[in-house]
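S.K.: What follows is the residue order along each chain.
2 protein chains.
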Amino acid sequence: MQTELSKKLGIEHAVFGFTPFPAVAAAISRAGGFGVLGAVRYTAPDELKRDLDWLHEHTEGQPYGLDVVMPAKKVEGVSEADVEAMIPEGHRQFVRDTLAKHGVPELAEGEASGWRITGWMEQVARNQLDVAFDYPIKLLANALGSPPADVIARAHDQGVLVAALAGSARHARKHAEAGIDIVVAQGYEAGGHTGDIASMVLTPEAVEAVAPLPVLAAGGIGSGQQVAAALTLGAQGVWLGSVWLTTTEADMHSPALTRKLLAAGSGDTVRSRALTGKPARQLRTEWTDAWDDPSGPGTLPMPLQGLLVAEAVSRIQKYEVEPLLGTPVGQIVGRMNEERSVQAVFDELTSGFEKAIDRINRIAGR
Amino acid sequence: MQTELSKKLGIEHAVFGFTPFPAVAAAISRAGGFGVLGAVRYTAPDELKRDLDWLHEHTEGQPYGLDVVMPAKKVEGVSEADVEAMIPEGHRQFVRDTLAKHGVPELAEGEASGWRITGWMEQVARNQLDVAFDYPIKLLANALGSPPADVIARAHDQGVLVAALAGSARHARKHAEAGIDIVVAQGYEAGGHTGDIASMVLTPEAVEAVAPLPVLAAGGIGSGQQVAAALTLGAQGVWLGSVWLTTTEADMHSPALTRKLLAAGSGDTVRSRALTGKPARQLRTEWTDAWDDPSGPGTLPMPLQGLLVAEAVSRIQKYEVEPLLGTPVGQIVGRMNEERSVQAVFDELTSGFEKAIDRINRIAGR
Numbered sequence: 001m002q003t004e005l006s007k008k009l010g011i012e013h014a015v016f017g018f019t020p021f022p023a024v025a026a027a028i029s030r031a032g033g034f035g036v037l038g039a040v041r042y043t044a045p046d047e048l049k050r051d052l053d054w055l056h057e058h059t060e061g062q063p064y065g066l067d068v069v070m071p072a073k074k075v076e077g078v079s080e081a082d083v084e085a086m087i088p089e090g091h092r093q094f095v096r097d098t099l100a101k102h103g104v105p106e107l108a109e110g111e112a113s114g115w116r117i118t119g120w121m122e123q124v125a126r127n128q129l130d131v132a133f134d135y136p137i138k139l140l141a142n143a144l145g146s147p148p149a150d151v152i153a154r155a156h157d158q159g160v161l162v163a164a165l166a167g168s169a170r171h172a173r174k175h176a177e178a179g180i181d182i183v184v185a186q187g188y189e190a191g192g193h194t195g196d197i198a199s200m201v202l203t204p205e206a207v208e209a210v211a212p213l214p215v216l217a218a219g220g221i222g223s224g225q226q227v228a229a230a231l232t233l234g235a236q237g238v239w240l241g242s243v244w245l246t247t248t249e250a251d252m253h254s255p256a257l258t259r260k261l262l263a264a265g266s267g268d269t270v271r272s273r274a275l276t277g278k279p280a281r282q283l284r285t286e287w288t289d290a291w292d293d294p295s296g297p298g299t300l301p302m303p304l305q306g307l308l309v310a311e312a313v314s315r316i317q318k319y320e321v322e323p324l325l326g327t328p329v330g331q332i333v334g335r336m337n338e339e340r341s342v343q344a345v346f347d348e349l350t351s352g353f354e355k356a357i358d359r360i361n362r363i364a365g366r
Numbered sequence: 001m002q003t004e005l006s007k008k009l010g011i012e013h014a015v016f017g018f019t020p021f022p023a024v025a026a027a028i029s030r031a032g033g034f035g036v037l038g039a040v041r042y043t044a045p046d047e048l049k050r051d052l053d054w055l056h057e058h059t060e061g062q063p064y065g066l067d068v069v070m071p072a073k074k075v076e077g078v079s080e081a082d083v084e085a086m087i088p089e090g091h092r093q094f095v096r097d098t099l100a101k102h103g104v105p106e107l108a109e110g111e112a113s114g115w116r117i118t119g120w121m122e123q124v125a126r127n128q129l130d131v132a133f134d135y136p137i138k139l140l141a142n143a144l145g146s147p148p149a150d151v152i153a154r155a156h157d158q159g160v161l162v163a164a165l166a167g168s169a170r171h172a173r174k175h176a177e178a179g180i181d182i183v184v185a186q187g188y189e190a191g192g193h194t195g196d197i198a199s200m201v202l203t204p205e206a207v208e209a210v211a212p213l214p215v216l217a218a219g220g221i222g223s224g225q226q227v228a229a230a231l232t233l234g235a236q237g238v239w240l241g242s243v244w245l246t247t248t249e250a251d252m253h254s255p256a257l258t259r260k261l262l263a264a265g266s267g268d269t270v271r272s273r274a275l276t277g278k279p280a281r282q283l284r285t286e287w288t289d290a291w292d293d294p295s296g297p298g299t300l301p302m303p304l305q306g307l308l309v310a311e312a313v314s315r316i317q318k319y320e321v322e323p324l325l326g327t328p329v330g331q332i333v334g335r336m337n338e339e340r341s342v343q344a345v346f347d348e349l350t351s352g353f354e355k356a357i358d359r360i361n362r363i364a365g366r
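Just so you know, the sequences run in chain order S and C.
Sequential numbering of the first sequence, starting at 1, is according to this note's numbering.
Sequential numbering of the second sequence, starting at 1, is according to this note's numbering.
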């Protein structure tokens with residue numbers, strides 16, 4: 001499947017794969033798609049450098065990109081400690097109580113929390129970019145608004161296309177005005193941060209709002225049939241994230257979490273503020289239920305909620321406390337029912353796409 | 001656009017149009033689609049008979065159907081008065097207070113509330129069916145679970161296909177087990193009662209769940225491009241409701257409401273229990289906000305909520321109290337920006353469908 005954008009990027013299939021795992025990103029690019037490595041977890045530049053080295057060596061010359069989480073508005077002189085100080089004690093106690101209720105063990109002394117919110121802060125994202133621009137990345141995506149103007153300019157100077165996620169036509173238009181090159185229209189059914197407009201409605205709205213800029217459709221896509229539907233809605237490509245979580249190349253660090261993903265149905269996710277303070281779709285768990293319960297203290301705004309729960313999430317994941325164990329994932333989790341290689345996922349995407357085109361042509365009498 | 005199901009029904013386009021207005025239903029059937037008249041508002045059999053007479057005369061021999069709201073489980077010997085008695089006084093006071101706050105006038109003495117919940121009760125639906133089975137309807141749809149077994153048998157005896165709405169693969173499977181002929185998979189983005197799984201995910205899940213039974217895709221469909229996408233997802237037809245509300249044939253009885261629909265964006269709806277007690281997508285208004293506000297009394301379960309608000313909704317509509325004025329409608333309302341004839345909507349559906357097929361074939365290299 002070829003669009004103007006896929007031709008421009010020199011890829012075989014207009015399938016963009018977002019993933020936190022270098023092995024998955026490399027396999028996506030090798031399979032003829034476009035692998036995009038999520039940078040948010042790399043707070044240490046050296047670790048990002050190590051993984052980009054690995055990625056570059058394993059894409060067999062195929063293009064790849066990077067996804068950062070960078071706020072468009074700069075907050076001057078605010079440290080993680082300043083933000084920590086804004087968290088009410090009642091909320092900290094609620095975290096302790098909820099963990100205690102489920103017998104979640106403490107981390108060992110000196111053991112770092114694996115999941116830090118600091119990746120969400122602008123300086124950290126800038127450090128990531130300083131590393132990434134030394135590599136021949138072809139795409140820089142920002143998951144949180146348009147990137148700052150100087151970052152867009154720097155990317156363009158190096159011939160890097162800039163993409164930004166949007167949950168509404170208005171967001172998409174703002175990105176276009178900021179000078180980005182590609183809008184990722186993220187529907188309600190998507191994993192992670194998402195608005196409440198579903199892909200069937202959002203995709204064509206975003207396409208019309210920013211034409212002739214290309215739009216990638218995200219949310220609810222895990223089969224070749226869904227790729228065909230999303231491209232039919234006017235997208236120049238699809239952006240898939242959830243479907244890679246259960247590939248053999250993914251390094252989830254938790255067999256229990258993989259089992260939960262494989263067992264979950266499309267109705268087993270929830271759009272909750274529990275993880276970051278903004279609505280993000282994830283597996284519904286007793287942890288999200290606790291935060292969404294009206295009798296609880298409720299969630300804090302971003303970035304406070306993320307800081308508040310970072311260590312708790314690490315403990316839940318490390319000790320695989322099943323009732324609380326979750327991850328961002330979209331409604332497509334209902335079709336993620338077996339571990340497959342990235343190549344096997346691609347084989348189904350491309351063969352399912354062809355079958356769907358055959359069928360719709362029969363319906364159209366062609 | 002032709003599918004097995006459209007051929008079976010002898011219609012030109014696999015487009016099913018649900019509407020409470022006989023003039024719209026007739027125009028849909030005349031345009032080559034399949035008009036389905038919503039019966040819920042006909043509490044008097046004579047009125048339904050009058051409108052079915054009119055509909056039959058104006059479809060030019062093309063097929064049409066009826067949509068009822070019939071609970072699968074029978075509640076014996078419960079009258080409307082019994083149900084009324086279950087409504088707490090605090091909730092009645094909240095209705096009075098909210099109306100008073102916005103200066104909503106009373107109905108005139110003896111003036112009947114135009115919108116009655118009684119259409120939701122089984123006996124009323126059975127009276128509707130006694131009328132409808134005297135007409136050559138080709139489809140009977142039920143918006144609330146599978147119809148009772150004897151109703152399915154009676155329909156089949158008369159060669160009438162039975163459809164039922166489903167919001168999940170599990171619901172779809174239950175309908176299939178009950179012996180219905182067509183599943184309408186109603187996505188999260190749809191107007192009226194809907195679950196939380198979006199069409200992009202729900203449609204293929206429902207298709208797989210009930211194959212070889214045909215599935216109609218509902219939710220988020222208002223353009224030919226969206227028709228093409230929905231059929232690509234495996235549906236044998238599309239089921240459109242919202243898009244007809246702003247056609248010239250629609251009799252909304254409220255210019256203010258039509259203006260609100262034409263002005264609304266895709267983000268201006270909400271899935272709320274305010275209207276019936278079950279989640280139904282509708283325009284977001286100060287009325288839905290009042291019911292969804294955690295500091296209010298909250299909504300009552302179906303059928304209590306519908307009975308509680310019936311008169312209030314009539315008053316709001318009659319006096320066009322704009323901040324409170326709403327109607328069930330899907331996220332597709334964002335693309336309903338001008339009054340058009342049903343035929344003009346069809347012309348766009350069919351030409352947009354062909355354009356979308358052209359484009360996806362180019363992407364597929366065909």
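Just so you know, these hints were derived from the structure itself, not from any lab.
Keep in mind that a hint or two might mislead.
Here are the simulated BS3-like cross-link-like pairs (lysine-lysine), alpha carbons at most 27 Å apart as the crow flies [unchecked claim]:
hint, chain 1, residue 1, chain 2, residue 2
1, S, LYS355, C, LYS8
2, C, LYS260, S, LYS355
3, C, LYS318, C, LYS260
4, C, LYS260, C, LYS8
5, C, LYS174, C, LYS8
6, C, LYS7, S, LYS355
7, C, LYS318, S, LYS260
8, C, LYS174, S, LYS8
9, C, LYS101, C, LYS260
Computed, partial: chain S to chain C, Cβ under 10 Å [to be verified]:
hint, residue
10, PRO45
11, LEU144
12, ALA228
13, ALA364
Just so you know, even glycine gets a beta-carbon here, dropped at the ideal spot from N, CA and C.
S.K.: Each hint: holds or not?
M.R.: Now for the hints, and whether the structure bears them out:
With a C-alpha separation of about 23 Å, the suggested pairing of LYS355 of chain S with LYS8 of chain C holds against the 27 Å cut-off. Pair hint LYS260 of chain C plus LYS355 of chain S does not hold up; C-alpha atoms about 42 Å apart against a cutoff of 27 Å. For the proposed pair LYS318 of chain C and LYS260 of chain C, the alpha carbon gap of about 15 Å is at most 27 Å, so the pair holds. A distance of roughly 39 Å separates the Cα atoms of LYS260 of chain C and LYS8 of chain C; the hinted pair therefore is violated under the 27 Å criterion.
Distance check on the hinted pair: LYS174 of chain C and LYS8 of chain C sit about 24 Å apart at the alpha-carbon level, within 27 Å; holds. With a CA separation close to 22 Å, the supplied pair LYS7 of chain C and LYS355 of chain S stays within the 27 Å bound. Between LYS318 of chain C and LYS260 of chain S the alpha-carbon distance is near 52 Å, which puts this suggested pair outside the 27 Å criterion. Between LYS174 of chain C and LYS8 of chain S the CA atoms are separated by roughly 48 Å; this puts the pair beyond 27 Å, and the hint is violated.
For the given pair, LYS101 of chain C sits about 21 Å from LYS260 of chain C by alpha-carbon distance, which is consistent with the 27 Å threshold. Hint on PRO45 of chain S is violated. Least Cβ distance to chain C is approximately 38 Å, over the 10 Å limit. With 10 Å as the threshold, the beta carbon of LEU144 of chain S stays out of range of chain C, its nearest partner Cβ sitting at about 19 Å, so the hint is violated. Interface restraint check for ALA228 of chain S: the shortest CB-CB distance to chain C comes to about 5 Å, inside 10 Å, so the restraint holds.
Checking ALA364 of chain S against chain C: minimum C-beta separation of about 5 Å stays under 10 Å; hint holds.
Figure legend: structure checked against the earlier numbered hints; hints not met, in rising order: 2, 4, 7, 8, 10 and 11.
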